[in-house]
Every structure is written in structure tokens, then in C-alpha cells.
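2 protein chains.
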Amino acid sequence: MSLYDEIIKLALERNFFFPSSEIYSDAPAGFYEYGPLAVSMKNKYIEAWRRELIRRDEMVEIDGSQIMPKRVFVASGHLESFTDPITKCTVCNAIFRADKLLEEVLKLSVPERLDTKEMDRIISEHNVVCPNCKGKLDKVSKFNMMFKVNVGASGDECYLRPETCQSIFVDFLRIYKTMRKKLPFAIAQYGKSFRNEISPRQSLIRLREFYQAEIEVFFNPKKANDFQKAREYENYVLKLKPLDEDKIIAASCKESVETGLISSMLVAYYLALIQHFYQVVGIDMERFRLRQLSDEEKAFYAKEAWDVEVLTGIGWIELVACNNRTDYDLSGHSRVSGQDLSVYDDGEKIIPHIFELSMGVDRSLFCILEHSYMKESERTVLKLPPTLAPVQVAIFPLVTKDNLDKKAREVYEALRLDFDTVYDESGSIGRRYRRQDEIGTPFCVTVDYQTMEDETVTVRERDTMGQKRVPIKDLKGYLTEKLRR
Amino acid sequence: MSLYDEIIKLALERNFFFPSSEIYSDAPAGFYEYGPLAVSMKNKYIEAWRRELIRRDEMVEIDGSQIMPKRVFVASGHLESFTDPITKCTVCNAIFRADKLLEEVLKLSVPERLDTKEMDRIISEHNVVCPNCKGKLDKVSKFNMMFKVNVGASGDECYLRPETCQSIFVDFLRIYKTMRKKLPFAIAQYGKSFRNEISPRQSLIRLREFYQAEIEVFFNPKKANDFQKAREYENYVLKLKPLDEDKIIAASCKESVETGLISSMLVAYYLALIQHFYQVVGIDMERFRLRQLSDEEKAFYAKEAWDVEVLTGIGWIELVACNNRTDYDLSGHSRVSGQDLSVYDDGEKIIPHIFELSMGVDRSLFCILEHSYMKESERTVLKLPPTLAPVQVAIFPLVTKDNLDKKAREVYEALRLDFDTVYDESGSIGRRYRRQDEIGTPFCVTVDYQTMEDETVTVRERDTMGQKRVPIKDLKGYLTEKLRR
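These protein sequence lines map, in sequence, to chains A and B.
Residue numbering for the first sequence follows the numbering used here, starting at 9 and increasing by one per position.
Residue numbering for the second sequence follows the numbering used here, starting at 9 and increasing by one per position.
Hints in this document: simulated from the structure, not taken from any laboratory.
There may be inaccurate statements among the hints.
Copies of the same chain look alike in the list, so a pair counts if it works inside one copy or between any two.
As the list claims (entries may be wrong) - Capping the alpha-carbon separation at 30 Å, the derived lysine-lysine pairs in DSBU-like fashion look like this: (1) 17 to 185; (2) 476 to 200; (3) 231 to 415; (4) 230 to 306.
Modelling step: build the complete structure from the supplied sequences, incorporating the hints.
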């Protein structure tokens, strides 16, 4: 079984995640539910994001509406350009993403912005047909990936946001003014975005409804190197995969800027923060890189772009797009809304530029599960950082007689409001340990006969499998200390 | 200024919440953004919900997709019945909710399920015209309040869920089986729901996109009184407003069941939990009631219904609908999906019944703000429970000279990753206290000249305005203790 399949198996068996509305056979693909374990893990992941990025950098966080009016997406360019090329089989009506179809059938690499006429030409020249029924393919057309929603009784044209950052851009001026902020400063948001993917796939990796955690840094481009906060990170070593290298190089923030690889200390600093974040949440840094994007790969508005990528069993996966979006967003919203979104920075009136860290949350969680998944001789263990573990502590009675179970329940009761705690009395102790190892529970507490004599329990650590006796009265403090970030 | 208007003013000035996409003049009503303070408060509110309900009752939590396929809403009845009666002016095209219009114009109380023909008759009989232009009103029609979304290139008919609980119902069987649960047990979910209200109003009170925190308790109706957990709550005193009383009565859980006012100990227990929750999060219990709904008010599937209501400046507001939904939901999904959703309970095959606690999160936050808002002689203070305060601690230098500001920044740096902390050096100390009082910050820490001598600071408590000197080295422990739930 591939590593990917093993994670999916674990996810389904232990209820990390599973397909949405699955009792309905015709439920569309690309929608997943988080089960109890993944809800807990996701909450902790977002808390780590808040701590390591928002609090550390003194950002502010908002939570905006997912449904936004049409003009937002006129301004952002999504209404015009957020499209995929599609072609339909004239016989069986199956619909394909034209560029992906050409790539698969002809083993070509299709540039992102190839126009539809050019694709028609390639289809005709190579006589590409429907892979399902060999039928003739229709002309390639553009399919907008936003979901339209009609609001109010008169049906005002609105859309589900395809990226959370649009809320940040339209709210920027109010936040800037009322929070008494000066440039540079960042606004963050965690929430859902929606894209009508033609071919959603690989569970959490490409969803139609997904979580993003986005950070938009507003700055004066003239001062991107005069950036006080970066001082502390000057010597932080980034793992970079530049365009003209085929391997990952280690370079400090300062060095990267001095050699011109990274455009400014501001950009280098935020790349350092995001790299540090992934280290904290359990990504193996040997399988981590910041990959520089080529002009062909970059979004059209991006001046500079780095992708956080993580190596998995199904290849390198993009977790965060780090884009220098320039003044594209605020200029666009200024123009379409008629509101002046410029601000004064040291007496100079400017439209702030934006550097963004746009994170895919679902796929990040998937990669953390994969990097934490270990097969050892006699067990499968999820070596999650303890701060991310869905269950923090499991309580077992050694046996369910002689009041050991009653005592274990008392221990459980004393902990369960303060920790994510489970009680388990079924099966052998070994089997109960395995059950917890598999979901990454960092501590298992066993009540045994000695407990009845001296009020101590054994605390077993997941990774070392080492055991230690701890007095029940000290257990809360012991666990709090061990689970501290 | 009314209390409602004062809260709105505070919300806008201090960025608790504000209208979505407001730079676009044509943005539709009924959408609000949470600013930084309310994001922080909402997160803490949800943590309290997790602690006081999910952990306390050993529920499991899921996080499901918001877009769900059509057949889910065939089964739930929403496609057929989740409608509002509307009428359109034949002259100016304005659209009105017919029942509300009749209530306003004729001062009638229109029953919830009056049919459209009957409304047409009343409109014609009383010659009701368009309140805007006096034009003739068109026939009353039914308007479905779900937002339709077309998924995939072929446009499969899906909807944004109008209530989060549908995810819980369709996921029930998988959760039940894989989490090794027995009846009774509860599944909870926090997330967005969507309703295309004809007339959204009163900011967070009636939104088109809103947060729900729903709990669905699955149980065997034959055993609703044989409910072990309820024992501890037998003497818990509920604040009930029965149908046949015009005042609030105090009755214990046990008493309420014995007199037949509440149908079972299971229902009484969950009403106790939700009442306790609102007490913890800062609702004034003198303005709280559990109101029994009449047959006319109840949802058609509900056998028994109690609304958590809270008194505000704009009247009693429903915060939680507590419904005994019987087997309506699981039977419906079984029938339409063709999946058998029954389970074995002590050898008996049953479709579980459901008791739900369906909470409106946004309006709950609004009510907490209102109940916490106090005008005292020289200040406005938000007496939020410290565990809900958006900012937990503010750090001030007494003056910005003699290194007091440098010292204060050090204190700030030492706290800011662990607490929601702000640093403020602008304006007089008094003014800085007011700024924090207004948003409910429970602790203000001032660095003064004595600090430079003995490494102590003053900690000022919001409610008493009492001050206490605390050594800097003890500050983290002191605040942790004070902010403990």
C-alpha cells in the first residue's frame, strides 16, 4: 500500500476525515468532513498559526463573509480570469480540463496561459479524442471556477470567495484606521474558500471547499529593506530552491537579500517566519523547500513568488503561496469601488504593496499526518508534535476489577475538562497503547495495583515508550508542563 | 441613544464587527465581518462552548462541508418547506415578506403556516398596497431561503446548508460506528450556515451568513428518563417560562420532569447544561429564560421545543432552539439515501431520536456584549468574563521617558506570545485605562518609577479598579491564575 493510501486508511478508520454526504451516492466529489480527531488537530494547528505568526508578528486577525458581491471579483480580476479551459465530449458529454487532458494524453507540459484556440489546434493536430468513449471533443471553452450565489429575493449576483484574502483587501482601510496601525502591518484570516474544480482529487489536497489561513502584509515598497523586525532573523537559514538551481540551498535571510535572490528583508523575514512555523507543527525539514517560481508559473500580478513545498509520497505539494502582489489588489478595489484606499506613510500618500502568505490548511494537515506517520517493528505511531495531538492523554485501568476501573475513571474525571482526554478499558494494555499510538496520543496514564497503595500512576510517553510513575495529585501539573508549547 | 445603538457604535469604533464589503455601495445586506476584537472573543466563546458542553458531556465534534447535495435537502424537507411568503409590488418591484407586511400594516399576528391563498385573500380584503409607492401587490408566492450552488462543470444542483445539523445527520452512522459509541451520545458542530433572508436586519441578529454551534443528541426514546448523567443535575434549578405562565418560574430538573413540564430527564439535563453555559459566558441570569414553544410556533417535526431567550434593549432574543426532533431526521435521510441508519441499542434495532441545542453564535455574542456593557460615572466598561475578553492584558509605561517605555516593552515582549496582549503608550494613563475598559480588558499593567527600582509593576483590575503590585517575574503566573476558567 502506498504511503498516501495508508494515510487515507488511517483517516477513514479513525475518523480523521471522510467524504461529505457519503450516504448519498451522487454527492459531488471534492468535499470532505473533518471527524473528531481532525477537528481537534485542526484547532491546535490554527492555534499554532496564531501563536507563531499572528502574535509573534503583532498582526491582527479578521473573519469575513464568504459570500461577496460581484464587483469585488470584477476588481480582483477573478470574474474575468479565474478560469480553467474545458472541453466536452460531443458523444458521452464527459467534461475534461483541456490542459490536463493534453498533458496526460500527449505527455506535453502545457503552459498555464495557453489560449483556448491554441489548445483546439493541438487537439485537432494530434487527433485527441475522449479518453472514455473515443468520441470527438468539442471546442475548448473557459470555465469560471467561482461558485455563483444569488442573494435576496431579486437575486443579486454574488460569489463564494475563491480566496479569503479578498475580505482582507476590502476591509483594509477600516482596520488600518480604527486599529491605529502604521505600515508595515499584516492582517490575517482563517476561513473557507471555494473553487469549482473540474477534477477535485486526492482527498484533502484538492478540494472544492477548503480552509485557507492567509496573511496579507501591507507595506511601503520603498522601505521593504528598512525593516526593523527583520534584524532578529538576519542569520536565520532559509531552505531555498532558486529557479536556476536544481537542489535546495541553505542561505541566511541577509545573504539571500544581498545576493539578490530575495528582493527585500521584508520578504526574507516572512519566509523565515513561515519556515519556522512548519518546523514547529511537525513538518520534516529535510522534506521542506521554498521554491522560487518562474515567470510562467507566477500569478500575473505577482512580482516575486515563492512556494512553500513539502515532499510526500505523491510528490512535492504546495502548502503556501508567498506572493509579492504589489499594489494590484488595493488599486483594483480603489478603481472599482470608487473609494480611495491610499494611506499616508511618513507624510507620503501611497497605495500599500502587499506580500502574502496564502496557506492551504487542509493539505498542510495532510502533510503533517504523513510526515508524522511511522511504522516501527511492532507498532504504527503518529509522531505528531504533542501540541497538535488530537487526544492529549488516555487513561487506562490495568484491569477492570478490584476497583481499578473506578479509580481510573476518577483520574479521567479530574482531567477531562482541561485536556483532550479519553478513557479506555477494552482489550489488553498493549492493544490500548497501539490504539493511542496510531492517533498520536502523547501520554497514556495507567492505573494499576500500585496506584491503590500509593496514589501514583504510570505515565507512558508515546515516542520513547518510557514509563514514569507520577503521583495523581501532580498529574495535572505534569501534563500541563509537558504539553506546553 | 438606545442601548442597541450604543453597542453598534462601540462595535464600529473599536472594530468588533462591521458590514461586509462596505467599500462597495451595492453590497447586499445581511453580511458582517468580525474585526480583530470579535475574532478573539468568538474564539474564546467557542472554547467555552467546547469546555462546558462538549467536554463536560463527552460529545464528539465534527466540521462538515457547507455545500451539500440536493438530496440532503429533499430528505430534510428544506427544498419543499424552507420558504418565506413573498409579494412583489407590481409598480416599483419592491419585494416584501407577505406575513411580516400584513403584521405591520394590519397589526395582525399572522400564524407561521398561513397559506399563500389565505394571505392573498387578506391583502385583497383589506386593500393592502405597497408601503413604498402605494402600488398594487402581486400574488403571494413561496420563496425558498436556501442558496443554490451549481457544482462541477455540469452544474450539479447543490445548496449551502441552512443549518449545520444536516452534516451531523448524514455523518451520524460513520461517527457512531468508528467512534465506538453507544446511545445516548451527542455530536456537535460549529460552523457557517446560510439563509437567504428577505429582510436581514439588526446587524448580528439576523444575518444571511451566520455561525451556528449545534449539538445533536442521539437517544433511545424509551430510555430518555433512564439517563445516568442527569443524576448530578437533578437539583439544578432551571429558569422556565412555560406556555401557560406569563412569568419565569424556577424549577429543578427533577421537579420539571415529575410535573410533566419537561418530557424527560434527558431533555432537562441538556437544558441545564445550556443554561449553565450562558451563565459562564456572561449572560445576566435575570434576563434569561427557557421559553416553551406552542404548537403553532414549533417546527413541524418538533415534539417538544424550548427556546433559550435573553432580554435585550430590542426585546427577548432567541439564542438557542432546543428541539426534540424525534426520528424525523434520520428516517428522512434513510428513506432518501436508501441507507439504513438504524442502530442496535441493547439488542433492539432503532432509529435514534434527536434532541438538539441549536445555537446562534453571532447573536449570542451580541447579547453578551450588551449584558456586559456598563456605564459608570466616569467610564464605559465592558464587564466581560475574563475568559472571553478579546485583550487579556494591556501594558503601559507611566511615561515614555527615563527608560520606562523600554522596560514596559520588555514586559510586553515577555507576555505577548502567551496572552492576548497590547502595548499602549499614547495619552494619559487614565485615558489608556478607559480605552481598555471599553473593550473589556481585565488587566492593565503599568510600569512606573518604582518598577525601575524593585522590578514590580502595578496590575489594575478592570471591575474593581483596584491596583496591586506584582513582581515582574511572577506576572505570567499571576495572570495565568487569574485568567483560569
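Cross-check of the supplied hints:
Only between protomers do residue 17 and residue 185 lie at most 30 Å apart by alpha-carbon distance; the minimum there is 15 Å, versus 49 Å within a single protomer. Within a single copy, residue 476 and residue 200 get their C-alpha atoms no closer than 43 Å, and across copies no closer than 44 Å, so neither meets the 30 Å cut-off. Within a single copy, residue 231 and residue 415 get their C-alpha atoms only as close as 63 Å, which misses the 30 Å cut-off; across copies the closest is 28 Å, which meets it. Only within a single protomer do residue 230 and residue 306 lie at most 30 Å apart by alpha-carbon distance; the minimum there is 22 Å, versus 62 Å between protomers.
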